[in-house]
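Using this note's numbering, read the sequence shown as starting at 1 and increasing by one per residue.
Just so you know, the hints here were simulated from the structure itself, not pulled from any lab data.
Among the hints, erroneous ones may be present.
In silico lysine to aspartate or glutamate, EDC-like type, Cα no more than 20 Å apart, as pairs [unchecked claim]:
1. 69 to 103
2. 100 to 54
3. 100 to 62
4. 14 to 36
5. 10 to 39
6. 10 to 36
7. 14 to 39
8. 10 to 23
9. 69 to 23
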Amino acid sequence: MLAGLLCLEKTWWKRWGGVISLDSAVAHIPGVTISELADGGASIRIGDQPQLGDTHKGNTLETYRALGKVLNPLRNRHAVTTGMSVPGMRERDHPGLRAKWLDRFFPE
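Let the hints inform the model, and build the full structure from the sequences given.
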C-alpha cells in the first residue's frame, strides 16, 4: 500500500461484492476511508499520512495488517511483487525478500 492509499479498479470491487460490501468489511478498522472513483473503481486510504512502522518501537502497522487480512482473498501474491521495486531489496541479491516484506501486510 503506497502512501497509505490503495486504488482498485472496478473488476476487483465486483469480486468483493461492491464498495458497500467492502466498506462494511473494514468498518472495524480505525482510520480506513473508502471512496468510489468516477470510473467505477474505488480508493482505500489509511489515515492522513503514510506509516513506515518501526518494530523496535512497537509500531507494527496493525491497521495496515488488518486491512490486508480483509483484502487477502483478492490478492495474487506473485503478480503483486513481479514489478515491485523496494530499495535495498533487489530480487537478484535477495531472492524472495520483496515477497516476504509485502507478506507482512497480508496475514493469513
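Now for the hints, and whether the structure bears them out:
With a C-alpha separation of about 10 Å, the suggested pairing of residue 69 with residue 103 holds against the 20 Å cut-off. The suggested pairing of residue 100 with residue 54 holds, with an alpha-carbon distance near 16 Å, which does not exceed 20 Å. Distance restraint check for residue 100 and residue 62: the Cα-Cα separation of roughly 17 Å lies within the 20 Å cut-off, and the hinted pair is therefore satisfied. For the hint linking residue 14 to residue 36, the alpha-carbon distance of about 13 Å falls within 20 Å, and the restraint holds.
Only pairs whose Cα atoms come within 20 Å are accepted, and residue 10 paired with residue 39 is accepted, the gap being roughly 7 Å. Of the pairs offered as hints, the one joining residue 10 and residue 36 holds, with about 9 Å between alpha carbons and a cut-off of 20 Å not exceeded. Restraint check for residue 14 and residue 39: the C-alpha separation of about 13 Å stays at or below 20 Å, so the hint holds. This hinted pair checks out: residue 10 and residue 23 have alpha carbons roughly 15 Å apart, not beyond 20 Å.
Taking the CA atoms of residue 69 and residue 23, the gap is near 14 Å; set against the 20 Å cutoff, the hint holds.
In this structure, every one of the numbered hints holds.
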